[in-house]
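Line order of the protein sequences matches chains A and B.
For the first sequence, the numbering used here assigns the number 1113 to the last residue and increments by one with no breaks.
For the second sequence, the numbering used here assigns the number 1113 to the last residue and increments by one with no breaks.
Simulated from the structure, these hints should not be mistaken for laboratory data.
Treat the hints with care, as some may be off.
Since copy identity is lost for identical chains, a pair holds within one copy or between any two.
The calculated lysine-lysine pairs, modelled on BS3-like cross-linking and capped at a C-alpha distance of 30 Å, are [said to hold, decoys possible]:
1. K509 to K528
2. K572 to K942
3. K987 to K687
4. K738 to K1000
5. K481 to K942
6. K738 to K1090
7. K792 to K1090
8. K509 to K563
9. K687 to K459
10. K526 to K509
11. K1000 to K440
12. K526 to K1090
13. K440 to K874
14. K572 to K728
A quick note: this is a predicted structure, and the numbers were derived from the prediction, not measured.
Number of protein chains: 2
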Amino acid sequence: MLKQALLGVLCAAVVLSIGILIGHFGISKSSSSEPPWMKDVVKDVDENLIKQFLSEVKTSELDSFWIGVFLHRELTKIPHMATSPGDEQTVQFMLKRWKDPDSGLDDAWRQEYAVYLSFPDPEKPNKVTVVDPSDAELYTVREKEKPYYDDQRHPDVVQPYAAYAPAGHPRGKLVYAHQGKAADYELLNKTVDLRGTIAITRYGGAGRAAKAINGAPYGVVGVLVYTDPLDINDGLMSDTSETYPHSWYLPPSGVERGSYSIPFGDMLTPYLAAKGNLVSKDMATLWSFIPPIPVQPIGFEDAYKLICDLGGDAAPNDWQGGFNCTYNYGGPGFNTDSVFNNSDVKLDIYNHETVKNSSNVMGIIRGSVEPDRYVIYGNHRDSWVHGAIDPSSGTSVMLEITRVLGSMVKQGKWRPRRSIIFGSWGAEEFGLIGSAEYTEGKLTHVLRLNSAANATLRASGVPSVQNVIFQASQQVSAPGHDSLSVYDNWIKYSNRTSPTHGLIPRMGYLTGAGSDYAAFVHYLGIASMDISYTYDRTKTNARIYPAYHTAYDTFDYASKYIDPGFVSHQAVARTAGNILIRLADSLLLPLNCTDYAESLEEYLKEAVTLYEAQLQTKGISMGERSESGLTVAFCQKVNNCRPLKARRINDQLMLLDRAFLNPYAFPDQYGFRHVIWASSSAGKPTFPGLADAFARAQSSEEPRDWEKVHYHLSVLSQAIDGAASMLAEVI
Amino acid sequence: MLKQALLGVLCAAVVLSIGILIGHFGISKSSSSEPPWMKDVVKDVDENLIKQFLSEVKTSELDSFWIGVFLHRELTKIPHMATSPGDEQTVQFMLKRWKDPDSGLDDAWRQEYAVYLSFPDPEKPNKVTVVDPSDAELYTVREKEKPYYDDQRHPDVVQPYAAYAPAGHPRGKLVYAHQGKAADYELLNKTVDLRGTIAITRYGGAGRAAKAINGAPYGVVGVLVYTDPLDINDGLMSDTSETYPHSWYLPPSGVERGSYSIPFGDMLTPYLAAKGNLVSKDMATLWSFIPPIPVQPIGFEDAYKLICDLGGDAAPNDWQGGFNCTYNYGGPGFNTDSVFNNSDVKLDIYNHETVKNSSNVMGIIRGSVEPDRYVIYGNHRDSWVHGAIDPSSGTSVMLEITRVLGSMVKQGKWRPRRSIIFGSWGAEEFGLIGSAEYTEGKLTHVLRLNSAANATLRASGVPSVQNVIFQASQQVSAPGHDSLSVYDNWIKYSNRTSPTHGLIPRMGYLTGAGSDYAAFVHYLGIASMDISYTYDRTKTNARIYPAYHTAYDTFDYASKYIDPGFVSHQAVARTAGNILIRLADSLLLPLNCTDYAESLEEYLKEAVTLYEAQLQTKGISMGERSESGLTVAFCQKVNNCRPLKARRINDQLMLLDRAFLNPYAFPDQYGFRHVIWASSSAGKPTFPGLADAFARAQSSEEPRDWEKVHYHLSVLSQAIDGAASMLAEVI
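Kindly generate the complete structure, drawing on both the sequences and the hints.
Below, the structure is given as structure tokens:
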């Protein structure tokens, strides 16, 4: 509301000046001789241009498909894991399109980083076997996923593996450790002696690396990870009728690959851009960035064989999964009735780490008025296998947006007020590396979008971007609907009641490090958003789309089961492009600071409910904090902000998230510096540092830990004061 | 040179546009109806205004003294140690002047911080005695300085003490530890068993706190500190004829007080503004911020008695001082011939720490065009006793500048383009607290000046400010000379040959944390300078003006021996005010990036000479670093920078120093983040992190320490690349 008011006031003032000018100097004189910077100063979003953009993100007349489909087909022809020949092919493809003289950008280039990656050995594939006491192999886990089409048979399909898990040959009795959370191992350890065991865990509940890092202290020597049919397939398991290629569900041999590293960015060059300046290979181990023991992911077909034969007590109810057997802890090891009785599970892992050159492909449309202010639109380019959804849906959307905007620029129809940078990040799958390395070198940007694609829009962001997402999504038709907007469709699936706005779609926050926004938000404090189309969560319990990071995430899968007709891709391209144009062209940045204040108030309310009473018993007052400048002051100051010039307001809005950065707030959490959105393990909808410090102090009851709670209150108070004074009128 | 060229191009462009406007729209129309922002856009420094300013910083016709003398007299009437009643009186005095309706600023206010300070106990003064084995007191060190005038008799003169040194009652045999450097104790320990001893050390060579921190690990239980006549008085010792009140030299009973803490800023709220949000009193000890053992400073009158009676071997030649006796190590303890034979030295220290409210007094002249860009002029206000030179010379200069500028503003003659903030910092003497707490809350400023006053200008700064200091000092007459400028006088005392400019005055760098600039440079990366008038170093070996931090630093002392007629004060006020107006009014900020590049090149050349050969033997190449973006790239990019708008160039110039910040560069050095100017113990004129890491690695020969050298090369390389790309044309 405030921003709207400000915008009104400001536009009025500017228009008025121009009015006087014209009136005074007379209309008869040719307007072409006005100094060009006068027109520039008042350049704002052109709604007609947005309409034109929306119509150019076309449906093909031939097949009534979104015309970006061919881009998607091209991008997903072969596997393109980071630094592979397929990756290089996508680099060339993008460079060619971004340099196209009719529809390309002003400039495009490749940006290389020397980054630390981990691969299996094609000559000596990783192997998981059940071996009896005489070393006879009783059972061997499938080496690669079962092929249904040529896509799975491509020689570049990488064997499923746990990137950055060390090589090694651990052997031991098998135990079932649920999701491999710290609490899971703690409970398991009460019944089973874990020393020398191999743990089998399922995806979900804890980060990938955590499943090994949590088990190692108990003496676990190796870890298997699989996706339980309950978590991904609504329990379905048969590939003769139920799973892909008959549906979107994961086939029994499908395996989720992934990075088993903790930080975002290249781990040998922490806080530095990776330009051959390796710090030390010990660093990764030293900082507990990687699993200390070998790990291998496997399909549920094999996990079924192993888990259903385990001995020992039955695991608790919430540890049970989709298999038609009781999940036991393990004796440790197998049931005495099992053919595997008395046998070990053995892992032979041959992963190796290596430094390779990974490329970001960058492109730019230069701004006409404020070329030194940047709006960044990014998406990663590397996949695990063909990556039809992750990431090629997003890449094809980005390419289609650049085609339409590039054509408008080349035809002289448009040039944005601010510069737009497009980033096709490399090596995301290994730990958001390309985008993080990029940010480690740069410091002055505005915003970043991400997109993937399928039943409703899903958007996360810092709260100040909510408004522009709403505005853009109201102007785009929902897939398959002519009269229903993306916004109106979204609000049906997911909504909340805002004290300011009433019923609105529910946006997520950018907590943690889920995708390439991480380094922008947490490291640089740049207002960011992450948008996608997603499935209907009332109809499935799948924790993610089932082919995620497997050899089945192909064009065939995407076009049959995720987005037939690519209509959601089209809607995302229109919405994202609309947002992008608004960010690049608005005289006043469409970032709403009162929406930020609303979120901070929610967080504060939650913190008071959760912590205040107990903190008082420790002599720590939250009242002081809130008086001394928490949300109340924030809003008051926001309401007082009446700066006179667009530039000043824009700098304030742009720098708002920067004010929340504190490089000393989370000494134990590499890369996190944003005190509002940092990753938190406490799982509370409130300030992360406070929540984690409180949980730790409550559990240890150490005075020093309560001091740390006090410290986090101070950090917060100062950050919020700082943000408020950033928005306040200049003194 | 480049900047000059740019300025030419830019001014031409702007003037040209205006020219067209006027030409086209005709001159007959009233120019009063031009929109006011058009005139604003091209507002630049007005040389006539500068002349007016210089003439208004007047000499009184009555006594031909600088008219600011009465301000100085007023400020130094009573002792005004931080948070004392005298301090409050200066706060009120400044507020009154800055709120004066005819000559005050636009606004002035008090800004309070709750800071951790340390004081002696007036009821139980600290005591140093020589006690014999039967506990008889054979000798007692003077409690307070000998009074010569009423100034020294004022009841608020604080007893000499070592702020932050802990209370305690250590007793032991005395040893002489030279300057208390780590190397001094190491050498001494080879001859004397230091366990249980009291060390007497002299000022200089190591920081105050370091003299205790270095000794404690060898078992030293207490430390005395004194100023040797050789280091301050060119050997003179007699107050009947040689020292103050007969000259500027330190009387025998004079004692330098000081803060014995390590960090800058309030030490209980590291990295946070001190607003009652104390972290923990353990923090100071934990972080090794303060001496672990009691310390007391004493006069050389007493030190003479103690040192000349010491037993043991004669200390090395370079440990000898100004006393007419041989400085022995100590037996430990006294000579067998001495009346003190077999006696101990005992310290009874009653210092106590307490949190008190300390005030900065802030004032502002608001900018007309860019009120959100700030030039900061600051000086601390608190003294140890009367503080005539430190800090009142600077405060009187600041007040005289604000009187002249304030009058011009109130008369409607002038308003700066950018806002000017004046800061009268509190609690500097306790560790630069007021200014550091201020910076911990703020982030967007341009520049800071400091001034004190006496034979030649002395200036330090980041290299980019050299040019504006030269320009201003060429326009001001040197004290006592009508035809010699401050610049021409300066170059006679101290000069160097620059590859670009030829023979120029020598400016210092802002390394370490000598004064209030520290937090601005090292914590926030703000281009800063520190200017003063100083004595002729060819005529004395005094390490600082002799009355520094003693009860003799009074108006009488200043007016008789430092600056008779206050002519140097006047010259400093004119020079500093001239610089200030240029920074606030220039269309393009007068910050010269090529001068920065020249300094970086010097540093690089030095680093190559010192380190390259040995680094090669460790497989670490500096060549790579320099190719990948050290100074060569910096200069190339600087030469390519042709941005079109003043705002963009100014942002780039303003943010240049910010690009050198890396909060992770010096994990062991609290508060230092500027990779070029951070404090360094290696004492080499080159990059501090590299120099220190190299020295450590060379001494330990640990591979991990060589890795840290490699790391610092990477940090440097990235910082310089970042700075270069900050200056490069926008992509």
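Okay, the hints, checked on the actual structure:
no.	hint	in the structure
1	K509 to K528	within (16 Å within a copy, 87 Å between copies)
2	K572 to K942	neither (47 Å within a copy, 83 Å between copies)
3	K987 to K687	neither (49 Å within a copy, 67 Å between copies)
4	K738 to K1000	between (52 Å within a copy, 23 Å between copies)
5	K481 to K942	neither (32 Å within a copy, 75 Å between copies)
6	K738 to K1090	between (40 Å within a copy, 23 Å between copies)
7	K792 to K1090	neither (56 Å within a copy, 49 Å between copies)
8	K509 to K563	within (25 Å within a copy, 61 Å between copies)
9	K687 to K459	neither (34 Å within a copy, 91 Å between copies)
10	K526 to K509	within (10 Å within a copy, 82 Å between copies)
11	K1000 to K440	neither (62 Å within a copy, 60 Å between copies)
12	K526 to K1090	neither (48 Å within a copy, 42 Å between copies)
13	K440 to K874	within (26 Å within a copy, 75 Å between copies)
14	K572 to K728	within (24 Å within a copy, 60 Å between copies)
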